[in-house]
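Undergrad: With the hints as constraints, model all of the structure from the sequences given.
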Amino acid sequence: MTPGKPVLSYSYYPGCSLHASAKEYDESTRELFRVLKIGLKEVPDWCCCGATPAHNVDELLSLALCAKNLVLAEQVEGDVAVACASCFSRLKTAQHRLGEDEEKRRQVEYAIESPFDKSKPIKHLLEILAEDFGLEQLAAAVKKPLTGLKVACYYGCLLTRPPGVPELDCVEAPTIMERVIGAVGAETVEWTHRLECCGANFTLSRPGVVIKLAGDILASAREAGADCVMVACPLCHGNLDMRQQEIEEVTGRRFALPIFYMTQLLGLAAGVPSTRLGLDSMIVDPLPLLKKKNLL
Amino acid sequence: MSRIGVFVCHCGENISRTVDVERVAEAARGLFGVAYATDYKYMCSDPGQTLLKKAVVEHNLDGVVVAACSPRMHEKTFRKAVQSVGLNPYLCEMANIREHCSWVHEDREEATAKAIDIATMLVERVRRNKQLAPITVPVTKRALVIGGGIAGIQAALDIADCGHQVVLVEREPSIGGHMAQLSETFPTLDCSQCILTPKMVDVANHPNITLHTYSEIEQVDGYIGNFAVKIRKKARSVDMSKCTGCGVCVSKCPQKKIPNAFDRNLGTRSAIYVPFPQAVPNTPVIDRENCTWFQSGKCGVCAKVCGPGAIDYTQQDEFIVESVGAIIVATGFKLYDISEKPKGSPIKGYGEFGHGKIPDVIDGLTFERLASASGPTGGKILRPSDGKEPKAVVFIQCVGSRAREKGISYCSKICCMYTAKHTMLYKHKVHDGQAYVFFMDARTPGKGYDEFWRRSIEQEEAVYIRGMVSRLYQKGDKVVVMGSDIAVGIQVEIEADLVVLATAVQPREGADLLAQKLGISYDQYHFYSEAHAKLRPVECATAGIYLAGACQGPKDIPDSVSQASAAAAKVLTLFSKEQLEREPIVATVNEHLCVGCLACKKVCPYGAVEEKELRDRQGNLLKTVAWVNPGVCAGCGTCQATCPSKSVELDGYTDEQIIAQIEAL
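Sequence lines, in order, name chains U and D. Under numbering that gives the first Met the number 0, the residue at position 97 of the first sequence is numbered 96, and the numbers go up by one with no gaps. Under numbering that gives the first Met the number 0, the residue at position 620 of the second sequence is numbered 619, and the numbers go up by one with no gaps.
These aren't lab readings, by the way, just hints derived from the structure by calculation. Among these hints, one or two may not hold up.
[Said to hold, decoys possible] Calculated lysine to any residue pairs in the SDA-like style (CA-CA distance at most 20 Å, straight line):
id : chain 1 : residue 1 : chain 2 : residue 2
1  : D       : 428       : D       : 479
2  : D       : 477       : U       : 190
3  : D       : 342       : U       : 161
4  : U       : 211       : U       : 223
5  : D       : 477       : U       : 195
6  : D       : 474       : U       : 189
7  : D       : 340       : U       : 290
8  : D       : 477       : U       : 215
9  : D       : 347       : U       : 163
10 : D       : 342       : U       : 163
11 : D       : 340       : D       : 402
12 : D       : 333       : D       : 386
13 : U       : 211       : D       : 482
14 : U       : 211       : D       : 432
15 : D       : 342       : U       : 130
16 : D       : 340       : U       : 160
17 : U       : 211       : D       : 470
18 : U       : 36        : U       : 135
19 : U       : 211       : D       : 481
20 : D       : 297       : D       : 308
21 : U       : 211       : D       : 490
22 : U       : 149       : U       : 290
23 : U       : 211       : D       : 479
24 : D       : 474       : U       : 188
25 : D       : 390       : D       : 432
26 : D       : 342       : U       : 177
27 : D       : 79        : D       : 58
28 : U       : 211       : D       : 308
29 : D       : 340       : U       : 161
30 : D       : 477       : U       : 222
31 : D       : 356       : U       : 223
32 : D       : 474       : U       : 135
33 : D       : 342       : U       : 131
34 : D       : 356       : D       : 338
35 : D       : 356       : U       : 189
36 : D       : 474       : U       : 190
37 : U       : 211       : D       : 58
Remember, it's a predicted structure, so these values are computed and weren't measured experimentally.
TA: Shown next as structure tokens:
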């Protein structure tokens, strides 16, 4: 009897966006993991990671919120799986900070009334797919290769930065998204704005900033000949997708670039029915593109 | 019964602040064998030493303990003092109550008790000290200089001009180093080659200099005054004694498409080549990896066209051994490159700058070749991608330097100045061009340096932008530079035709391996370590080995030349003596006890232990024992600790002395 490969299973922290504005990211993640037979169990009673607001006003608050969630995540077996780039960044930052600062760790433990163990690995979905599951396995699971689809992989600011914290891939020239989507047959384009900021939270307070920054990103993807953009962050998605029409109006350029979550495209390739990937909640309609490429 | 004097120093307040020095002297007075004890504010001062000398004479002392600072600080001072009044210097010892006590403790009571203990231990030790005499070893008055850049050249010429023989070893086919690649030099803008090549020729013609180019150090044995250095002379495939340097072979070689490393791969060269026109020696070398003859056995054109028949395809690497008394290491630097580094490497690349894949993003040395009259463009500033003249050039400083997140925290020192120079050279050649410089700080401490930098801004109209660049990317035929101007607080985007990176200065590759062969130390970046940062900046901790130039840390030409002359002066000081005196703290073998197991020989890191045969008068072998060569022994004591029969002792640190010290506690 040969011992089988251990069954992968994760303690899933979806974060607030995935239960609200980025529901399709959550839905497609669960569906993708289901067909890949990777276990995904939601952390019970999780709360917000603090995102951008918390660490802007109070470092202790931002660390304590993350620590609280990491303690809760221990109730579920397996490494912590995170989909949202911002949650990923906050959780990794907290783990990093509390690992190096004994005093902070004691303060946080007092605040959350629980001991904090920094040993449980926190992994982004990309890491799980590229390393734990493996690119070969992923390629083998493909039912409908994304042949002919030109994808611009967009990392944004947080997936790889700051240096030494997320340790997902090379900080300034990562390739993990390209490797993952390339494994399911898509063609990736080389483009210049893969790691530029989309304007993030300024979308509410100073939308003009977002129009400029997200506009540059979309223009760059278009120039590189991409059919669509793939993201791993709800906020990036919002800025590139929801703001796209407005950007087109302001700049007078037409982009018509569907903005996919990575799990939507991977799910499509792995044979998840297209009705269960939340494609209908995207603002820039992806159906014409997918039909044209024979992917529906 | 000994008559020992104990002299307790206040060291101003350094010691007396935490240690009750009077009580230490008082306690010492009560020790067995102590005839005299006192304390004084500065024992090392002239009156302090006089006090000590007087006490030795008046109290007829036969041993001295100075309870003060570390022996590394003043052991020599006090040993000299006691010697001047007729006492053997090795009967004087330091009890370190400063570094080992007052500086590291706060509680006065405890510190005083500890100081008394330390002094007591040293008294016990001095009671058992023997009179020792310095060991003399002969000095080979011949120096080895490793590296033929400007530092090595200067050091070699200085020593040779004083009448001593110098062996100069250079890894490349020609001497000259990086300075030969530069166009003009700051802060005077004089032509680099014009001031360098006369010195190169002087080296070649000097009767006292033996030059080994295209050669590397294989092995280093021996010690100060007596090194034996094995040198590998790589096969040149050209017989230097026959070659006239006519250059026909180079011009006829059909293989001409090899990237020319001297021109930073901008131009090409042939398989048989002289790296640059002013090369010394002006003898070509065959690059066997790219030579058709060596790769496929066909061609042979160079051999056919060579009049004197100097081409020799059968030449093999040759090994020679040179005996020298001193070594100067001047192996220079290389420039950091921004390409992708292996995962886990402490030095990171610059993905945000395209990992070196954008053709019009070059480094400073490449720009030097573009600006040089002897360079691949004949001195015209033309960019690599399409040979067009760039009208907007962005210079970025501190690439890799002062960048902890990239693995290098030090300042490379030369970049602010050479970037200012680059903006000038550019403006002198492209009058309608605009130079931009992204910088963190402008560091211009040097004679005429700040004036030079100001000139680049005020006269040559370079635009300096304080801030760093976050990304470079190709857009059409432009390179977009995204950066910040922190003085104004805005983001800046410049569409440049050419980008020049002032990349960090790093030691040459293999610097660590050479250090291991020489037995010298180096820092985390592989720069060689000097013996003392301020007071012994050109000496290695290993006796007889000296440092010059950028192998010790980033340096410009004036600094490299100064250090080279300083290293040469140190070598000449050594050569001024016929015999070299060495500390007699060496191991000796008790031949009666030694059983000849030679465990000591196996553990000796210096190769100082030899076998010795003991024979009777008829010549019959009685037994084999170990013998320690006092000229080689460094007094580390490893053999003493290893010897199973306790028959090796280190003079001045015998087992008896050490046990007595422990028992005194």
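Undergrad: Determine for every hint whether it applies to the structure shown.
TA: We went through each hint and held it up to the structure:
1. Distance restraint check for residue 428 of chain D and residue 479 of chain D: the Cα-Cα separation of roughly 23 Å exceeds the 20 Å cut-off, and the hinted pair is therefore not satisfied.
2. A threshold of 20 Å between alpha carbons decides the hint, and for residue 477 of chain D with residue 190 of chain U the separation of about 15 Å falls inside it, so the pair holds.
3. With a C-alpha separation of about 17 Å, the suggested pair residue 342 of chain D and residue 161 of chain U falls inside the 20 Å cut-off, and the hint holds.
4. Of the supplied pair hints, the one linking residue 211 of chain U and residue 223 of chain U holds, its CA atoms being roughly 18 Å apart against a limit of 20 Å.
5. With a C-alpha separation of about 19 Å, the suggested pair residue 477 of chain D and residue 195 of chain U falls inside the 20 Å cut-off, and the hint holds.
6. At most 20 Å may separate the alpha-carbon atoms for a hinted pair to count; residue 474 of chain D and residue 189 of chain U meet this at roughly 12 Å.
7. A hinted pair counts as satisfied when its Cα atoms are at most 20 Å apart, and residue 340 of chain D with residue 290 of chain U does not qualify at roughly 42 Å.
8. For a cut-off of 20 Å, the pair hint linking residue 477 of chain D to residue 215 of chain U stands: about 17 Å separates their Cα positions.
9. Distance check on the hinted pair: residue 347 of chain D and residue 163 of chain U sit about 11 Å apart at the alpha-carbon level, within 20 Å; holds.
10. Pair hint residue 342 of chain D plus residue 163 of chain U holds up; C-alpha atoms about 13 Å apart against a cutoff of 20 Å.
11. For the hint linking residue 340 of chain D to residue 402 of chain D, the alpha-carbon distance of about 15 Å falls within 20 Å, and the restraint holds.
12. As the CA atoms of residue 333 of chain D and residue 386 of chain D are separated by approximately 26 Å, the hinted pair breaks the 20 Å bound.
13. Proximity of residue 211 of chain U to residue 482 of chain D is assessed by CA-CA distance (about 16 Å); at most 20 Å being required, the pair is judged to hold.
14. At roughly 30 Å between alpha-carbon atoms, residue 211 of chain U and residue 432 of chain D are farther apart than 20 Å, so this suggested pair is violated.
15. Only pairs whose Cα atoms come within 20 Å are accepted, and residue 342 of chain D paired with residue 130 of chain U is accepted, the gap being roughly 15 Å.
16. For the proposed pair residue 340 of chain D and residue 160 of chain U, the alpha carbon gap of about 18 Å is at most 20 Å, so the pair holds.
17. At most 20 Å may separate the alpha-carbon atoms for a hinted pair to count; residue 211 of chain U and residue 470 of chain D meet this at roughly 17 Å.
18. Among the hinted pairs, residue 36 of chain U with residue 135 of chain U is consistent with the structure: their alpha-carbon atoms are about 15 Å apart, no more than 20 Å.
19. Restraint check: the Cα-Cα separation between residue 211 of chain U and residue 481 of chain D comes to about 15 Å, which is no more than 20 Å; the hinted pair holds.
20. Taking the CA atoms of residue 297 of chain D and residue 308 of chain D, the gap is about 18 Å. The hint holds against a cut of 20 Å.
21. A distance of roughly 13 Å separates the Cα atoms of residue 211 of chain U and residue 490 of chain D; the hinted pair therefore holds under the 20 Å criterion.
22. This hinted pair checks out: residue 149 of chain U and residue 290 of chain U have alpha carbons roughly 14 Å apart, not beyond 20 Å.
23. For a cut-off of 20 Å, the pair hint linking residue 211 of chain U to residue 479 of chain D stands: about 17 Å separates their Cα positions.
24. Taken as a hint, the residue 474 of chain D and residue 188 of chain U pair is honoured in the structure, with Cα atoms around 15 Å apart against an allowance of 20 Å.
25. Our distance criterion of 20 Å between C-alpha atoms is met by residue 390 of chain D and residue 432 of chain D, whose separation comes to about 4 Å.
26. With a C-alpha separation of about 18 Å, the suggested pair residue 342 of chain D and residue 177 of chain U falls inside the 20 Å cut-off, and the hint holds.
27. Note on residue 79 of chain D and residue 58 of chain D: the hinted pairing holds, with a Cα-Cα distance of about 19 Å set against a maximum of 20 Å.
28. A C-alpha spacing of about 71 Å is found between residue 211 of chain U and residue 308 of chain D, which places the hinted pair above 20 Å, so the restraint is violated.
29. Of the supplied pair hints, the one linking residue 340 of chain D and residue 161 of chain U holds, its CA atoms being roughly 18 Å apart against a limit of 20 Å.
30. A C-alpha spacing of about 15 Å is found between residue 477 of chain D and residue 222 of chain U, which places the hinted pair at or below 20 Å, so the restraint holds.
31. For the suggested pair residue 356 of chain D and residue 223 of chain U, the alpha carbons sit about 17 Å apart, so the restraint of at most 20 Å is met.
32. A distance of roughly 35 Å separates the Cα atoms of residue 474 of chain D and residue 135 of chain U; the hinted pair therefore is violated under the 20 Å criterion.
33. As the CA atoms of residue 342 of chain D and residue 131 of chain U are separated by approximately 18 Å, the hinted pair is consistent with the 20 Å bound.
34. Straight-line distance between C-alpha atoms of residue 356 of chain D and residue 338 of chain D comes to about 8 Å, which keeps the hinted pair within the 20 Å bound.
35. Between residue 356 of chain D and residue 189 of chain U the CA atoms are separated by roughly 13 Å; this keeps the pair inside 20 Å, and the hint holds.
36. Simply put, residue 474 of chain D and residue 190 of chain U have alpha-carbon atoms about 10 Å apart, close enough for the 20 Å limit, and the pair holds.
37. Annotation: proposed proximity of residue 211 of chain U to residue 58 of chain D is violated, straight-line Cα distance about 90 Å (limit 20 Å).
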